[in-house]
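Student: First to last, the protein sequences are chains A and B. With positions in the first sequence counted from 1, the corresponding number in my numbering is that position plus 275. With positions in the second sequence counted from 1, the corresponding number in my numbering is that position plus 3.
Hints should not be assumed to be uniformly reliable.
[Claimed, not checked] Covered stretches of chain B (in silico footprint by chain A; criterion: 3 or more residues with CB under 8 Å from a CB of chain A, positions within the stretch not fixed):
id, stretch
1, 68-76
2, 79-91
3, 98-112
[Stated by the list, open to error] Under the rule of at most 25 Å between Cα atoms (straight-line distance), these lysine to any residue pairs were calculated in the SDA-like manner:
id, chain 1, residue 1, chain 2, residue 2
4, A, Lys502, B, Gly237
5, A, Lys502, B, Gly17
6, A, Lys502, A, Ile423
[Claimed, not checked] Not the full set, but computed from the structure, chain A residues with beta-carbon under 8 Å of chain B:
id, residue
7, Ser312
8, Arg496
9, Val504
These are computed hints drawn from the structure, not numbers from a lab. The model shown is predicted, which means the values in this text are computed figures rather than measured ones. We put the CB at the ideal spot given by N, CA and C, even for glycine.
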Amino acid sequence: MFKWRSDDFSWVDFTIDVLRVLIVLGVVVGAWNTLSSGRISFAQWVNLFAAGLSQGSIYALIALGYTLVYGILLMINFAHGEVFMAGAFSTVFLAEALNRTGFLNEQPVLAILLMIAFAGLVSMSVAILLERIAYRPLRGSPRLVPLITAIGASFFLQYTFRGLYGSGFKAYPGVKALQGVIQIGGISIPVVQVFVFCAALLLMLCLYWLVERTRVGKAMRAVSENKEVARLMGIDIDWVIMFTFGVGGFLAGSAGVINGLFRPQGVNFYMGFIPGIKAFTAAVLGGIGNIPGAMLGGLFLGVIEAIGPNLVLAGLGIPGANQLKDVIAFTMLVLVLIFRPQGILGERLSETKA
Amino acid sequence: MGLLEVNDIHTYYGNIHALKGISFEVDSGEIIALIGSNGAGKTTTLRTISGLMEPREGQVIYDGEDISSARADTLVSRGISMVPEGRGVFAKLTVEENLDMGAYARRDSGIKDDLKGMYGLFPRLQERRRQLAGTLSGGEQQMLAIARALMAQPRLLLLDEPSMGLAPVLVDGVFDTIQRIASEGVTILLVEQNAHMALQVADRGYVLQSGEVAISDTAENLQQNETVQKTYLGID
Numbered sequence: 276m277f278k279w280r281s282d283d284f285s286w287v288d289f290t291i292d293v294l295r296v297l298i299v300l301g302v303v304v305g306a307w308n309t310l311s312s313g314r315i316s317f318a319q320w321v322n323l324f325a326a327g328l329s330q331g332s333i334y335a336l337i338a339l340g341y342t343l344v345y346g347i348l349l350m351i352n353f354a355h356g357e358v359f360m361a362g363a364f365s366t367v368f369l370a371e372a373l374n375r376t377g378f379l380n381e382q383p384v385l386a387i388l389l390m391i392a393f394a395g396l397v398s399m400s401v402a403i404l405l406e407r408i409a410y411r412p413l414r415g416s417p418r419l420v421p422l423i424t425a426i427g428a429s430f431f432l433q434y435t436f437r438g439l440y441g442s443g444f445k446a447y448p449g450v451k452a453l454q455g456v457i458q459i460g461g462i463s464i465p466v467v468q469v470f471v472f473c474a475a476l477l478l479m480l481c482l483y484w485l486v487e488r489t490r491v492g493k494a495m496r497a498v499s500e501n502k503e504v505a506r507l508m509g510i511d512i513d514w515v516i517m518f519t520f521g522v523g524g525f526l527a528g529s530a531g532v533i534n535g536l537f538r539p540q541g542v543n544f545y546m547g548f549i550p551g552i553k554a555f556t557a558a559v560l561g562g563i564g565n566i567p568g569a570m571l572g573g574l575f576l577g578v579i580e581a582i583g584p585n586l587v588l589a590g591l592g593i594p595g596a597n598q599l600k601d602v603i604a605f606t607m608l609v610l611v612l613i614f615r616p617q618g619i620l621g622e623r624l625s626e627t628k629a
Numbered sequence: 004m005g006l007l008e009v010n011d012i013h014t015y016y017g018n019i020h021a022l023k024g025i026s027f028e029v030d031s032g033e034i035i036a037l038i039g040s041n042g043a044g045k046t047t048t049l050r051t052i053s054g055l056m057e058p059r060e061g062q063v064i065y066d067g068e069d070i071s072s073a074r075a076d077t078l079v080s081r082g083i084s085m086v087p088e089g090r091g092v093f094a095k096l097t098v099e100e101n102l103d104m105g106a107y108a109r110r111d112s113g114i115k116d117d118l119k120g121m122y123g124l125f126p127r128l129q130e131r132r133r134q135l136a137g138t139l140s141g142g143e144q145q146m147l148a149i150a151r152a153l154m155a156q157p158r159l160l161l162l163d164e165p166s167m168g169l170a171p172v173l174v175d176g177v178f179d180t181i182q183r184i185a186s187e188g189v190t191i192l193l194v195e196q197n198a199h200m201a202l203q204v205a206d207r208g209y210v211l212q213s214g215e216v217a218i219s220d221t222a223e224n225l226q227q228n229e230t231v232q233k234t235y236l237g238i239d
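Could you put the whole structure together from the sequences, leaning on the hints where they help?
Tutor: Here it is in structure tokens:
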């Protein structure tokens, strides 16, 4: 760890080691102060953890889209946040209609399934069109080119949806079945958080089954490993790439609905930006290109974001610690890139993939 | 009539003129060897036939049809299967998943039986069917690559350097397998630097030199040919 002996001293290593010590010190001192002050009860910690887990499972669903596409094309689809927005924003209108007819509260399960399917299909179509129109013509060009295109596509989608649905904020209607709390031994957890976590988990299990067990899933893994040999197997790689974008899109769209039910406010054309970057952080945290990594990274980021400010920042006497969630999230991104660029589960990148 | 007819093909890597008008023919049931030194155009020839590359001039006629500009993934179901140079097994897929990928283009119900048949032919692969292909030894990977290509039920099997990087004992095994496959009626086009082994199993051979066919003859005559002996067989 400490490799700055006099003969091979380097300022970079020295700075990084100092940084390491400061971070560990800050975390330990902050946590000690908070815990010894006893300001936050055990039940409150559990509540923070549960809320973080719910938020994290939404990040995880979006992060899977980044990681799937990266795994197959070695490209970061920075317009993926907008794919999420497209499904979430479009489905607000469906949700309002279902609410007006009363279907949403009479048959909440069916209604939510319908909303997830609808949002999934919208986001899937957007993702597939994005690939077909913006990325496929650029395949084989230097890697900076599709990256810049992704940023352009991101703005294009934001302002297209602003044109379609207006720039005002919308809100998902409340679902009665998701209100209320579950009591477990003196700890009360909102039903909606349990729903968010379970729905996301179910979707992730479906994805895992798709990738590990089905013919097309094996083809996806084959294409991500070696496109040329995959073609020699008779695999139409353009179709597999399109399918991959579609799957990532579907997950992002369903995350849009789940997010809308979790935090009803704040649906508008710009809503994809922050969750998009957070999910990208989660994907990097878990090891980009790695599917279980994206799941784990999302949950981890959600929990750190919920607990970190209260545990560490508040303990260091920083005012308004709860406003600093995003600082924690993006500090995590920077720290991962400095100390463990391959992520939690990632392998060290080879020359070709780096 | 020939199963495969290659007519004066010219293939380029960017501006590099790799194949300068290569022509040859492969009849049904034959084993044909393409021999030659590094950079002679052997691999490029196979890549052009299998559809990974497109010739700028000339035609590749397979089973009476022009397939010069057909994409690789559409040719598998038409009976052309290729074992790429360096084996190209999917290291992060299990042995059995690799074999499944070989049958990707098939929609019939015989895949399960063929899988059993493959395990009969290569018992080592059965022992290791749940292992990741990347953990196999070089010889096992070569078996897997050949078995995977056979899972597509090819009429024409293209083999690129099957003996590359293998210990001499294993090389004999690979060539035994090639003969066994041919005896089941699969036509084989074989690219090899190991001209000695290739000419022992082949019916006919073509010697490639800087992107052109330099000599073509029966395998027996090529083994006796003085230039071939000197340049490729190491006999003075």
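Student: Going back to the hint list, which numbers does this structure go against?
Tutor: 4, 7
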